[in-house]
Amino acid sequence: MATKKDTKVATTTKKVAAAKKATTTKKATATKKVAATKKVADVKVITPEMAKIPAGPLAEKWTNYKDHQKLVNPANKRRLDVIVVGTGLAGASAAATLAELGFNVLNFCIQDSPRRAHSIAAQGGINAAKNYQNDGDSVYRLYYDTIKGGDYRAREANVYRLAEVSNNIIDQCVAQGVPFAREYGGLLDNRSFGGAQVSRTFYAKGQTGQQLLLGAYSALSRQIGKGKVKMYTRYEMLDIVMIKDENGEERARGIIARNLVTGRIERFFGHAVVIASGGYGNTFFLSTNAMASNGSAAMQMYRHGAYFANPCYAQIHPTCIPKHGDFQSKLTLMSESLRNDGRIWVPKKLEDAKKLQAGEIKGRDIPEEDRDYYLERRYPAFGNLVPRDVASRAAKERCDKGYGVNNTGLAVFLDFSEAIQRLGKDVVAQKYGNLFQMYEKIVDENPYENPMMIFPAIHYTMGGIWVDYELQTSVKGLFCIGEANFSDHGANRLGASALMQGLADGYFVLPYTIQNYLSDQIGVPRMSTDLPEFAEAEKNVNDKIARLMAIQGQRSVDSIHKELGLIMWDFVGMGRTAESLKTAIKKIDALKKEFWSNVYIPGEANSLNNELEKALRLSDFIEIGRLMAIDALNREESCGGHFREEYQTEEGEALRQDDKFSYVACWKYTGEDSEPELIKEPLDYEFTERKTRNYKA
Amino acid sequence: MDSYINIKVRVWRQAGPKAQGHFETYELKHIFQGASFLEMIDILNEQLIAEKKDPIAFDHDCREGICGMCSMYVNGHPHGPDSAITTCQLHMRHFHDGETITVEPWRSRAFPVIKDLMVDRQAYDKIMQAGGFVSVNTGGVPDANAIAIPKPVADEAMDAASCIGCGACAAACKNGSAMLFVSAKVSQLALLPQGKIEAAKRAKAMVAKMDELGFGNCTNTGACAAECPKSVSLANIARLNREFLCAKFQD
Numbered sequence: 003m004a005t006k007k008d009t010k011v012a013t014t015t016k017k018v019a020a021a022k023k024a025t026t027t028k029k030a031t032a033t034k035k036v037a038a039t040k041k042v043a044d045v046k047v048i049t050p051e052m053a054k055i056p057a058g059p060l061a062e063k064w065t066n067y068k069d070h071q072k073l074v075n076p077a078n079k080r081r082l083d084v085i086v087v088g089t090g091l092a093g094a095s096a097a098a099t100l101a102e103l104g105f106n107v108l109n110f111c112i113q114d115s116p117r118r119a120h121s122i123a124a125q126g127g128i129n130a131a132k133n134y135q136n137d138g139d140s141v142y143r144l145y146y147d148t149i150k151g152g153d154y155r156a157r158e159a160n161v162y163r164l165a166e167v168s169n170n171i172i173d174q175c176v177a178q179g180v181p182f183a184r185e186y187g188g189l190l191d192n193r194s195f196g197g198a199q200v201s202r203t204f205y206a207k208g209q210t211g212q213q214l215l216l217g218a219y220s221a222l223s224r225q226i227g228k229g230k231v232k233m234y235t236r237y238e239m240l241d242i243v244m245i246k247d248e249n250g251e252e253r254a255r256g257i258i259a260r261n262l263v264t265g266r267i268e269r270f271f272g273h274a275v276v277i278a279s280g281g282y283g284n285t286f287f288l289s290t291n292a293m294a295s296n297g298s299a300a301m302q303m304y305r306h307g308a309y310f311a312n313p314c315y316a317q318i319h320p321t322c323i324p325k326h327g328d329f330q331s332k333l334t335l336m337s338e339s340l341r342n343d344g345r346i347w348v349p350k351k352l353e354d355a356k357k358l359q360a361g362e363i364k365g366r367d368i369p370e371e372d373r374d375y376y377l378e379r380r381y382p383a384f385g386n387l388v389p390r391d392v393a394s395r396a397a398k399e400r401c402d403k404g405y406g407v408n409n410t411g412l413a414v415f416l417d418f419s420e421a422i423q424r425l426g427k428d429v430v431a432q433k434y435g436n437l438f439q440m441y442e443k444i445v446d447e448n449p450y451e452n453p454m455m456i457f458p459a460i461h462y463t464m465g466g467i468w469v470d471y472e473l474q475t476s477v478k479g480l481f482c483i484g485e486a487n488f489s490d491h492g493a494n495r496l497g498a499s500a501l502m503q504g505l506a507d508g509y510f511v512l513p514y515t516i517q518n519y520l521s522d523q524i525g526v527p528r529m530s531t532d533l534p535e536f537a538e539a540e541k542n543v544n545d546k547i548a549r550l551m552a553i554q555g556q557r558s559v560d561s562i563h564k565e566l567g568l569i570m571w572d573f574v575g576m577g578r579t580a581e582s583l584k585t586a587i588k589k590i591d592a593l594k595k596e597f598w599s600n601v602y603i604p605g606e607a608n609s610l611n612n613e614l615e616k617a618l619r620l621s622d623f624i625e626i627g628r629l630m631a632i633d634a635l636n637r638e639e640s641c642g643g644h645f646r647e648e649y650q651t652e653e654g655e656a657l658r659q660d661d662k663f664s665y666v667a668c669w670k671y672t673g674e675d676s677e678p679e680l681i682k683e684p685l686d687y688e689f690t691e692r693k694t695r696n697y698k699a
Numbered sequence: 017m018d019s020y021i022n023i024k025v026r027v028w029r030q031a032g033p034k035a036q037g038h039f040e041t042y043e044l045k046h047i048f049q050g051a052s053f054l055e056m057i058d059i060l061n062e063q064l065i066a067e068k069k070d071p072i073a074f075d076h077d078c079r080e081g082i083c084g085m086c087s088m089y090v091n092g093h094p095h096g097p098d099s100a101i102t103t104c105q106l107h108m109r110h111f112h113d114g115e116t117i118t119v120e121p122w123r124s125r126a127f128p129v130i131k132d133l134m135v136d137r138q139a140y141d142k143i144m145q146a147g148g149f150v151s152v153n154t155g156g157v158p159d160a161n162a163i164a165i166p167k168p169v170a171d172e173a174m175d176a177a178s179c180i181g182c183g184a185c186a187a188a189c190k191n192g193s194a195m196l197f198v199s200a201k202v203s204q205l206a207l208l209p210q211g212k213i214e215a216a217k218r219a220k221a222m223v224a225k226m227d228e229l230g231f232g233n234c235t236n237t238g239a240c241a242a243e244c245p246k247s248v249s250l251a252n253i254a255r256l257n258r259e260f261l262c263a264k265f266q267d
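Sequence order for the protein chains is A and B. When we follow the numbering used here, the leftmost residue of the first sequence carries the number 3, and every step to the right adds one. When we follow the numbering used here, the leftmost residue of the second sequence carries the number 17, and every step to the right adds one.
A portion of the hints provided could be inaccurate.
Each computed DSS-like pair below joins lysine-lysine, with the alpha-carbon atoms no more than 30 Å apart [said to hold, decoys possible]:
no.: 1; chain 1: B; residue 1: Lys190; chain 2: B; residue 2: Lys68
no.: 2; chain 1: B; residue 1: Lys220; chain 2: A; residue 2: Lys595
no.: 3; chain 1: A; residue 1: Lys564; chain 2: B; residue 2: Lys220
no.: 4; chain 1: A; residue 1: Lys68; chain 2: A; residue 2: Lys325
no.: 5; chain 1: A; residue 1: Lys232; chain 2: B; residue 2: Lys142
no.: 6; chain 1: A; residue 1: Lys564; chain 2: B; residue 2: Lys264
no.: 7; chain 1: A; residue 1: Lys232; chain 2: B; residue 2: Lys220
no.: 8; chain 1: A; residue 1: Lys564; chain 2: A; residue 2: Lys670
Counterexamples of contact, computed for chain B against chain A with all Cβ distances above 12 Å [unchecked claim]:
no.: 9; residue: Arg79
no.: 10; residue: Gln105
no.: 11; residue: Lys220
no.: 12; residue: Asp227
Honestly, the hints are just simulated from the structure, not real lab data. Note that the structure is a prediction, hence the values are computed from the model and not measured. We put the CB at the ideal spot given by N, CA and C, even for glycine.
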């Protein structure tokens with residue numbers, strides 16, 4: 003259903019925005035920007051006002067906001083229904099907290115239990131600015147590391163708020179009974195993660211995501227038990243229902259979801275809809291995401307007029323178990339925490355690499371002096387703890403030069419021999435035992451004796467649906483939280499910050515900001531799902547399903563998805579060029595045709611049908627893949643996880659073009675067969691000086 | 017060293033909850049032993065789809081042993097013949113050329129079959145909803161370091177908390193008891209000062225719900241802990257019994 007939403011991002015405000023900018027920023031850069039805007043006529047701009055960024059100094063914005071926002075009184079909360087889609091860290095914490103506040107919550111997940119959302123798989127930890135280690139941490143420092151780690155492509159106000167509420171998260175989780183690691187004195191322990199020089203990461207063995215999610219799940223379970231949350235498991239949202247208000251403005255008022263067990267399409271009403279559906283990394287087929295993780299909810303929002311922001315920002319995690327065959331279904335992550343003690347290297351000599359690739363020698367056979375600890379060599383200040391994008395590119399660089407250490411030449415070593423010597427095997431086992439066990443089960447090799455082999459893999463997507471400071475999308479009443487939105491990580495996310503953002507959004511941000519919206523909605527009665535808008539949305543969903551089922555072609559869903567994944571990895575992967583991206587778009591267009599004419603889905607639509615589920619998701623992955631390529635092509639610079647080979651320093655580091663690309667690229671849907679429209683949200687750094695990221699000194 | 021094997025897979029097929037189930041045997045050639053068990057099922061499903069047959073329905077998601085979604089009985093063991101793993105972490109190197117592998121769904125009264133290898137485990141969620149939490153709302157909580165907790169206690173709570181709720185314990189138990197699952201949550205929270213306050217009430221509520229949902233009683237056979245992919249210890253059941261008795265005495 004194409005929406006003809008008349009967004010307020012109007013050309014009329016453009017001039018106001020430009021004028022405003024000229025007064026707030028330095029004259030010279032402002033003129034340059036206006037000039038740049040002129041060249042590409044009609045590019046619309048999102049101003050800080052439209053993004054609802056509160057006034058005042060950085061450190062006071064969130065407090066100011068909370069002091070002045072509108073609230074909903076307890077009697078009215080009972081009359082308002084909120085739909086939350088997803089039960090990961092963001093979804094479960096939001097659903098539980100909204101229910102605690104008194105709203106009626108309808109919560110949906112595709113798994114058989116809310117406890118299984120993919121947040122569960124996060125291993126290493128969660129950041130917070132507690133400064134329990136007395137090593138100089140502060141809210142500002144966490145803010146600064148995050149915004150620098152994101153290569154200055156995130157919004158200052160959002161990131162500062164994230165750092166600010168990080169401390170509340172740790173308090174909350176401890177109160178819920180999350181068993182964080184502790185020191186012998188009984189106080190909480192911390193470790194370091196990439197991109198930081200302090201130890202601010204809280205952890206629960208290598209299962210931090212699991213423990214935090216189970217904390218949120220238990221809070222959610224409590225509210226389900228009380229009847230404040232109605233839980234729908236094995237349900238998949240297939241569309242959002244939009245209904246016009248008395249002013250003719252469309253608002254999100256419900257969803258259409260498919261019961262995955264019976265295949266029945268059902269309708270649900272909500273005064274507001276919150277999407278917490280995670281990222282779209284599975285566009286690449288092989289990723290560290292769970293098999294069912296998908297980007298379909300994002301595409302449904304997008305088709306209703308929500309902007310898709312920075313789709314090209316995808317994180318490639320440096321420490322994953324390398325690919326071993328065509329039948330492979332996923333890539334397994336080895337936690338970043340391993341880089342606290344593990345050292346990354348490849349051989350110095352090409353002939354050693356060749357012998358490793360041929361299986362003639364093992365890593366342990368190569369003497370110390372013939373090892374190239376390339377991260378320590380290139381980045382002496384941060385060493386093995388450089389951010390993920392930097393570590394991944396460095397691994398690719400070595401492998402491209404022929405120094406890869408496994409049979410495919412696509413792996414580097416992560417070595418614990420020095421740590422085992424320094425700390426003893428027991429201490430290493432205590433810290434990383436479960437990860438070592440996981441590695442051994444998969445690879446059938448003992449990492450205590452021989453260095454691990456690792457290689458980068460798609461892990462997380464920083465891009466996502468555009469939201470304002472209130473986490474509301476460009477569609478009224480439609481909110482987006484957690485990995486699904488674009489807001490806090492810029493072009494690269496630091497380790498242990500995903501858990502922080504998911505829980506910040508769900509526990510401490512959305513439950514406040516959504517009230518600013520809902521306070522206007524207290525007079526809106528619960529609507530019947532018999533309204534024509536619901537019927538039409540349901541019909542659209544049924545039509546799409548019928549179209550897919552009718553194809554009856556020759557190819558399985560997975561075979562096409564794997565092909566998409568290869569296109570993405572080869573042409574929209576770690577190193578992108580204008581040419582590779584154009585090739586990708588062409589190939590994706592051809593693949594889209596192939597999908598819509600030759601996919602085969604067995605079984606019936608109105609019953610449990612896993613292939614149909616996958617086909618529906620793949621139809622959206624194809625669109626996302628294309629959008630990623632378009633965005634990457636537009637962004638003629640290298641920043642964070644987005645590396646355009648044309649834009650690099652002589653040393654091979656990412657080269658930003660702040661004068662041209664210091665903006666959020668928001669893509670607006672314009673129809674099934676037309677190109678999306680680019681809308682820019684300029685990122686004017688008011689409080690922080692932008693520097694070239696330097697992890698060398 | 018991993019190589020290629022030919023196998024037969026005997027799989028439980030059941031069209032729906034009420035339908036009559038049966039075993040069906042499929043032949044698979046040239047399976048790499050480095051593939052995971054679920055990747056082998058993927059290959060089998062691709063084969064079935066190519067033959068325009070109905071693929072096998074099975075639960076799976078994270079494929080790294082933490083979400084608790086996968087739930088297969090392989091050669092008579094929940095999660096298969098290897099120890100301390102989930103089905104998705106089982107690799108084909110545990111099987112030999114020419115072997116016939118039998119795959120069934122969890123078989124437990126409280127986990128009815130939905131289709132083929134997929135079962136309904138909502139009973140576990142319902143037990144959690146009855147008391148598997150600390151009654152604390154978001155906000156207004158003390159500083160995380162306000163209460164020191166001895167490291168051994170925190171570590172023990174962590175071990176209990178590592179349960180992934182997969183249901184292997186109840187599926188392995190000849191009585192279909194959920195005691196290991198319930199005791200893991202009761203222990204985790206009873207060990208920590210934050211959860212101690214409601215420990216007795218929690219134990220009672222969760223056990224009552226477990227009984228109501230048709231799980232059997234515990235007769236200390238220990239099959240649950242032996243098959244648990246996360247090696248959750250039987251000691252938790254002892255702690256649950258203690259908490260439960262305390263609660264009863266308080267009544």
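Broken hints, by number
1, 2, 3, 4, 6, 9, 10
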